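Chemist: Here is how the chains run, residue by residue.
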Amino acid sequence: MAESSQLLLVLDLVGTFAFGLNGALTAVRAVRLDLVGVLTLGTMTALGGGILRDVLIQSLPPATFSDLAYLGAAAAGALVAFFLSLPLERFTVLIVVFDAIGLSVFCVTGATKALEFGLGGVQAVLLGGLTAVGGGTLRDVMLRKVPTVLVSDLYAVPALVGAGIAVGAAHLDLGPLVVAGVAAPVCFAIRMSGVVFELNVPTAPGRGSREQD
Amino acid sequence: MAESSQLLLVLDLVGTFAFGLNGALTAVRAVRLDLVGVLTLGTMTALGGGILRDVLIQSLPPATFSDLAYLGAAAAGALVAFFLSLPLERFTVLIVVFDAIGLSVFCVTGATKALEFGLGGVQAVLLGGLTAVGGGTLRDVMLRKVPTVLVSDLYAVPALVGAGIAVGAAHLDLGPLVVAGVAAPVCFAIRMSGVVFELNVPTAPGRGSREQD
Amino acid sequence: MAESSQLLLVLDLVGTFAFGLNGALTAVRAVRLDLVGVLTLGTMTALGGGILRDVLIQSLPPATFSDLAYLGAAAAGALVAFFLSLPLERFTVLIVVFDAIGLSVFCVTGATKALEFGLGGVQAVLLGGLTAVGGGTLRDVMLRKVPTVLVSDLYAVPALVGAGIAVGAAHLDLGPLVVAGVAAPVCFAIRMSGVVFELNVPTAPGRGSREQD
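Protein sequences appear in the order of chains X, W and A. If you're matching positions, the first sequence starts at 1 in full-length UniProt numbering and goes up one per residue. If you're matching positions, the second sequence starts at 1 in full-length UniProt numbering and goes up one per residue. If you're matching positions, the third sequence starts at 1 in full-length UniProt numbering and goes up one per residue.
Some clues are possibly wrong.
Only pairs whose alpha carbons sit at most 20 Å apart, straight line, appear in this in silico SDA-like list of lysine to any residue [what the hints assert, rightly or not]:
1. A:LYS145 to X:ARG29
2. X:LYS145 to W:VAL195
3. X:LYS145 to W:ARG144
4. W:LYS145 to W:VAL93
5. W:LYS145 to X:VAL146
6. A:LYS145 to X:LEU143
7. X:LYS145 to W:ARG32
8. W:LYS145 to A:ARG144
9. X:LYS145 to A:VAL96
10. W:LYS145 to A:ALA30
11. X:LYS145 to W:ALA30
12. W:LYS145 to X:VAL151
13. X:LYS145 to A:VAL151
14. X:LYS145 to W:VAL93
15. W:LYS145 to W:VAL195
16. A:LYS145 to A:PRO185
17. A:LYS145 to W:VAL151
18. A:LYS145 to X:VAL141
19. A:LYS145 to W:ARG144
20. X:LYS145 to A:VAL146
21. W:LYS145 to W:VAL14
22. A:LYS145 to X:THR148
Just so you know, these hints were derived from the structure itself, not from any lab. These numbers come from a predicted model, not from an experiment.
Using the sequences and the accompanying hints, generate a full structural model.
Modeler: See below:
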């Protein structure tokens with residue numbers, strides 16, 4: 001159990017750092033915000049999903065506030081993105097990759113924490129998905145973009161699949177390392193396949209292709 | 001009391017289904033999202049108001065998560081809208097009607113649940129209003145529209161009136177069926193009158209007509 | 001202690017009134033909403049930060065709902081702005097000033113309430129900042145503007161400085177009047193200096209000036 005929560009913390013911090021990088025990078029590219037704006041958007045992206053999760057399972061104050069390592073990881077990610085933004089921006093794919101890392105890790109930690117707080121299996125899967133997509137949705141709303149979770153092919157789906165694997169593995173009493181070691185990579189692989197191969201989930205019958213902006 | 005919470009649940013599910021339909025229909029028409037996007041926006045519209053209510057009265061985890069019937073009703077509404085979107089879209093008025101049904105039911109259930117959790121009368125009216133307008137506001141923010149509650153004539157007002165009737169009737173110890181049977185139709189009637197007759201509440205003195213988009 | 005919470009309440013109401021004025025004034029100018037829309041946006045701006053704070057420290061139902069004075073102060077501010085909007089709009093600076101007053105007061109009350117609920121010093125500073133910028137961020141999202149906290153020079157910084165002074169003074173056991181009397185004016189002075197002198201915090205290296213809208 002102690003081992004489990006250790007791993008949960010480490011994974012949470014990895015996801016927080018990745019989303020901090022992603023949010024800050026997005027901010028620099030989309031709006032060219034100043035240092036405070038970049039830090040703010042980076043930390044909101046990084047911490048938003050976890051805060052939402054903790055509010056809904058009533059784990060308050062949120063881990064973000066009770067353990068300062070979260071804020072540190074988020075800020076570190078945002079600062080790295082801010083100061084390295086010029087070279088990094090050549091690699092647009094990095095934004096997508098960091099987002100996919102955060103997504104993959106948070107769907108597992110969200111689902112696992114929900115189980116620990118006594119929620120049922122299906123609910124834990126949903127909460128894992130919410131944790132994974134929450135921060136990025138907040139980021140997009142703040143930048144006035146239609147949220148990725150609405151328009152992107154395979155964004156919510158891999159998060160729910162990852163959370164589902166995590167819940168299934170937990171029911172089989174597999175160790176936490178196994179749970180995370182399978183669920184997160186599967187989520188990551190599905191998400192990146194969607195990006196690379198531009199896979200689509202079906203649109204409403206009789207409709208042409210989606211109009212994005 | 002058991003009868004009351006039975007009725008509350010049924011009404012909540014009706015409102016959830018109606019908002020699921022409305023959110024998904026709005027999504028298909030506004031952005032032509034894919035299946036996952038439509039399901040996501042439909043369920044967010046359907047569940048957003050109730051989650052907000054449950055967080056604020058500390059009924060956690062929210063009913064949405066503890067009782068899967070909510071998710072089922074929301075997803076059912078969204079799926080119906082998705083697969084029937086082509087014929088349905090001819091009837092623009094249906095979007096408004098489903099929204100009005102959700103509004104009318106949620107103002108009652110929100111106010112009633114707030115009373116059950118010990119809030120005062122005025123607070124229960126406010127919370128009923130918040131429950132009713134919460135999901136639609138989330139929907140509009142996600143689609144980058146100025147929320148209906150800000151620009152629409154008679155949207156918050158009927159919700160508050162409906163919640164007020166529900167609270168008043170509860171203080172008079174009328175049965176829950178009477179409460180809902182009066183409050184929800186009154187809210188619905190006011191809302192639809194506003195739509196049909198384009199009734200306006202006054203704008204700031206010395207101003208021309210509102211500019212919407 | 002009783003003195004402290006008395007002062008906290010008075011300050012909270014002052015901030016609520018100021019943000020109610022600000023939110024309503026912004027609404028009238030930006031979208032020319034009707035009376036209900038102006039009231040709604042005014043109260044959301046005024047109450048959003050405090051509700052966010054109370055959810056995160058689990059002081060539920062939020063003070064906004066348990067003490068109706070908050071709603072009264074918010075609505076009073078919004079109504080004043082609505083009926084005086086024509087003469088007031090000549091003084092654009094008033095919008096900024098009311099916003100700065102709300103910011104300065106809420107960073108202090110947010111941090112102080114967080115300390116009273118047992119949060120650590122750093123967390124209390126963060127929560128004070130969140131309380132201060134929360135309502136305005138909600139206002140901007142509802143009106144589809146990039147939130148001030150992201151694009152404005154010196155908005156989050158003075159809020160965090162004010163909260164930091166409040167937490168530091170509380171640790172030194174200075175009386176609540178001293179805490180508020182120093183922290184809030186310092187925050188206000190920094191914020192207004194930023195506005196008046198157009199001070200900038202640094203943007204990402206190698207970048208031109210920010211592009212706002």
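Chemist: Are the Cα positions of LYS145 of chain W and VAL93 of chain W separated by 20 Å at most?
Modeler: Judged against 20 Å, a Cα distance of about 19 Å means the pair holds.
Chemist: Just to be careful, I want the Cα atoms of LYS145 of chain X and ARG32 of chain W compared with a cutoff of 20 Å; is the pair within it?
Modeler: holds, 15 Å
Chemist: Does ALA30 of chain W sit within 20 Å of LYS145 of chain X, going by the straight-line distance between their CA atoms?
Modeler: Given that 20 Å is the threshold and the Cα spacing comes to 14 Å, the pair holds.
Chemist: Compare the distance between the alpha carbons of LYS145 of chain X and VAL195 of chain W with 20 Å, and conclude whether the hinted pair is satisfied.
Modeler: It is violated: about 29 Å lies between the C-alpha atoms, which goes past 20 Å.
Chemist: Would the pair LYS145 of chain X and VAL96 of chain A pass a check requiring their Cα atoms to be no farther apart than 20 Å?
Modeler: Not OK: LYS145 of chain X and VAL96 of chain A at ~26 Å, beyond 20 Å, violated.
Chemist: Quickly compare the C-alpha distance for LYS145 of chain W and ALA30 of chain A to 20 Å and report which way the hint goes.
Modeler: holds, 14 Å
Chemist: Given the proposed pairing of LYS145 of chain W with VAL195 of chain W, does the C-alpha separation stay at or below 20 Å?
Modeler: Holds. LYS145 of chain W to VAL195 of chain W sits at ~18 Å (cutoff 20 Å).
Chemist: Mind checking the alpha carbons of LYS145 of chain W and VAL14 of chain W for me, to see if they're no more than 20 Å apart?
Modeler: Since the Cα atoms of LYS145 of chain W and VAL14 of chain W sit roughly 25 Å apart, the hinted pair is violated (cutoff 20 Å).
Chemist: Is the Cα-Cα distance between LYS145 of chain X and ARG144 of chain W 20 Å or less?
Modeler: holds, 7 Å
Chemist: With a cut-off of 20 Å on the C-alpha distance, tell me whether LYS145 of chain X and VAL93 of chain W pass.
Modeler: violated, 28 Å
Chemist: Would you mind confirming whether the straight-line C-alpha gap from LYS145 of chain X to VAL151 of chain A stays at or under 20 Å?
Modeler: This hinted pair holds, its Cα atoms lying about 16 Å apart.
Chemist: What's the verdict on LYS145 of chain W and VAL146 of chain X, does the C-alpha distance respect the 20 Å limit or exceed it?
Modeler: Distance ~10 Å between LYS145 of chain W and VAL146 of chain X Cα, so the pair holds.
In this structure, the earlier hints numbered 2, 9, 14, 16 and 21 are contradicted, and the remaining ones agree with it.
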